[in-house]
Structures are given as C-alpha cells and as structure tokens.
Amino acid sequence: AQSVTQPDIHITVSEGASLELRCNYSYGATPYLFWYVQSPGQGLQLLLKYFSGDTLVQGIKGFEAEFKRSQSSFNLRKPSVHWSDAAEYFCVAGTGRRALTFGSGTRLQVQP
Amino acid sequence: EPEVTQTPSHQVTQMGQEVILRCVPISNHLYFYWYRQILGQKVEFLVSFYNNEISEKSEIFDDQFSVERPDGSNFTLKIRSTKLEDSAMYFCASSPPGLAGGKNEQYFGPGTRLTVT
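So the protein sequences, as listed, match chains A and B.
Position one of the first sequence corresponds to residue 1 (our numbering), numbered consecutively onward.
Position one of the second sequence corresponds to residue 1 (our numbering), numbered consecutively onward.
Calculated directly from the structure, the hints in this document are not laboratory data.
Possibly wrong hints are sitting among the right ones.
Taking lysine-lysine pairs in the PhoX-like style, the calculated list, with each CA pair at most 25 angstroms apart, reads [what the hints assert, rightly or not]:
1) A/68 x B/42
2) A/61 x A/49
3) A/49 x B/103
4) A/49 x B/57
5) A/68 x B/103
6) B/42 x A/49
7) B/103 x A/61
Every beta carbon over 12 angstroms from chain B, so not counted as near; a handful from chain A, in silico [what the hints assert, rightly or not]:
8) 24
9) 66
10) 67
11) 85
All values reported here derive from a predicted model rather than from experimental measurement.
For glycine and all other residues, C-beta sits at the position ideal for the given N, C-alpha and C.
Construct the entire structure; sequences and hints are all you get.
Structure follows, in structure tokens:
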C-alpha cells in the first residue's frame with residue numbers, strides 16, 4: 001500500500017536555528033512529492049514540489065527539500081527558522097491527477 | 001493571487017441531517033477534490049471529479065456522499081445522513097489543466113469544520 005511517513009510528530013527549534021523535517025515514502029513507482037504547511041486556522045499552503053529532474057528543489061519562505069531516491073526520502077530544510085514558521089508541515093505524495101497521500105504531519109514549535 | 005474558497009467555515013449539524021459543503025475552485029482549474037481530516041488523524045482523500053464525473057473515490061466515499069458541480073463555479077460535497085464519525089475538517093482542492101502526466105499540484109481551500117452532534 002502507498003504510504004508517507006513523517007517520523008517526528010512534534011519538533012521544537014530555537015529561532016534562527018536550522019530545521020530539517022523528515023519524510024519517507026513507500027510507493028510502487030517514484031511519486032510526485034510535495035510539502036504543504038498549515039498554520040492555525042488556515043488552509044494547506046504548498047511550500048514546494050518535486051516532479052522530476054534536479055533533486056534539490058526550492059520553495060517559498062526560504063524552504064528547500066531534497067529528493068533521495070535511494071532512501072525514498074524527501075526531507076524539508078530551512079537554514080534559519082523564523083517565529084512565523086511555527087505551523088504543521090505535511091509531506092504529501094501523489095501520481096498524476098490521482099489522490100494525494102498525506103503523511104501524519106510534523107508540528108513545528110519555534111522558541112524565541 | 002487566486003485561491004480556493006470554502007463555505008461555511010464551520011457547520012454544526014445533528015446526526016441524521018443532510019449537509020452540503022461548498023467550494024469555489026480556482027477559476028481555470030478543471031480537476032476537483034475533496035479530502036477530510038478527522039481530529040488527530042491524517043488528511044484522507046475522499047473523491048476526485050473531472051469533466052462532470054467522479055474520476056476516483058476512496059472507500060470512505062460511500063452512498064451517503066455525493067459531489068456535484070451545479071454551475072461553472074461551485075463544487076459541492078453532500079452528506080445525506082450525517083453520522084457522529086463524519087465530524088472532521090473537510091478540504092476542497094483544485095488543480096489546473098496542464099502538462100502531460102498530471103504534473104500539477106493541488107491547491108487547497110481553508111476547510112470547513114463539520115461538527116455532528
């Protein structure tokens with residue numbers, strides 16, 4: 001069965017520190033991969049996407065993610081976290097126009 | 001920037017009642033989706049809709065659920081007889097026409113929180 005795993009339910013980092021959120025997927029073929037962010041009371045905003053090609057993708061708000069086929073991973077990174085980055089982050093996979101499969105989410109807390 | 005909108009933001013209903021959740025997708029998009037997130041659980045796919053018909057649905061999307069695009073702008077999800085376990089956040093999403101292979105992301109609305117009492 002297709003699945004997306006985010007092993008960290010909750011992460012706390014200090015403002016200005018670097019961040020890495022982990023994501024692993026299990027799919028029949030390499031899926032398209034996305035990271036979405038959900039702030040309290042808000043919808044799901046797309047941070048970045050990977051379809052093919054360059055394995056390091058840049059997104060909005062200074063985020064980037066690296067696709068590693070050998071590890072079936074798509075980890076999200078940011079070099080310096082801001083307090084406004086506190087939110088829930090979802091790693092998501094899909095193929096073509098079909099249903100997306102969501103990870104369980106990682107809640108990021110930023111300490112001043 | 002265009003965005004997906006959903007109404008209402010919060011709906012409270014009694015068990016057994018019918019509810020209709022409304023979505024206005026981004027105007028040039030052709031593919032439409034509903035997902036839901038029960039509190040504390042993962043976001044789950046319900047149904048996708050293209051060219052005025054369902055293109056894919058999950059096991060959750062049983063006979064109690066239906067979708068409709070009644071006009072050129074709205075996309076609705078109807079639950080005929082709500083159950084307590086239907087309480088969840090319901091997200092609408094849309095995706096544009098575009099590249100072969102479906103290399104297009106889905107854009108999500110803010111969600112409707114449905115509470116069934």
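Check your understanding: When you check the alpha-carbon spacing of residue 49 of chain A and residue 57 of chain B, does it fall within 25 angstroms?
Key -> holds, 24 angstroms
**Study point:** Straight-line alpha-carbon gap residue 68 of chain A to residue 42 of chain B, limit 25 angstroms
**Key:** Holds: residue 68 of chain A and residue 42 of chain B sit about 24 angstroms apart, inside 25 angstroms.
Check your understanding: Given the hint that residue 103 of chain B pairs with residue 61 of chain A, does the C-alpha gap stay at or below 25 angstroms?
Key -> holds, 22 angstroms
**Study point:** Pair hint outcome, residue 68 of chain A versus residue 103 of chain B [Cα-Cα no greater than 25 angstroms]
**Key:** holds, 19 angstroms
Review point. Given the proposed pairing of residue 42 of chain B with residue 49 of chain A, does the C-alpha separation stay at or below 25 angstroms?
Key: holds, 20 angstroms
Practice item. Would you assess whether residue 24 of chain A, listed as outside the interface, keeps its beta-carbon beyond 12 angstroms of every beta-carbon in chain B? Key: holds, 15 angstroms
**Study point:** Outside-interface status for residue 67 of chain A - nearest CB in chain B farther than 12 angstroms
**Key:** holds, 14 angstroms
Exercise for review: Determine whether the non-interface label on residue 85 of chain A survives the test: each CB of chain B must be over 12 angstroms from its CB.
Suggested key: Non-interface label stands for residue 85 of chain A: nearest chain B Cβ at 19 angstroms, farther than 12 angstroms.
Review point. Just checking, residue 66 of chain A versus chain B, shortest CB gap more than 12 angstroms?
Key: Fine: 18 angstroms to the nearest Cβ keeps residue 66 of chain A off the interface.
Review point. Is residue 61 of chain A close enough to residue 49 of chain A, meaning Cα to Cα at most 25 angstroms?
Key: Roughly 14 angstroms between the alpha carbons, so the hint for residue 61 of chain A and residue 49 of chain A holds.
Review point. Does residue 49 of chain A pair with residue 103 of chain B here, judged by a C-alpha cut-off of 25 angstroms?
Key: Roughly 10 angstroms separates the two Cα atoms, so the pair holds.
The earlier numbered hints are all upheld by this structure, with none contradicted.
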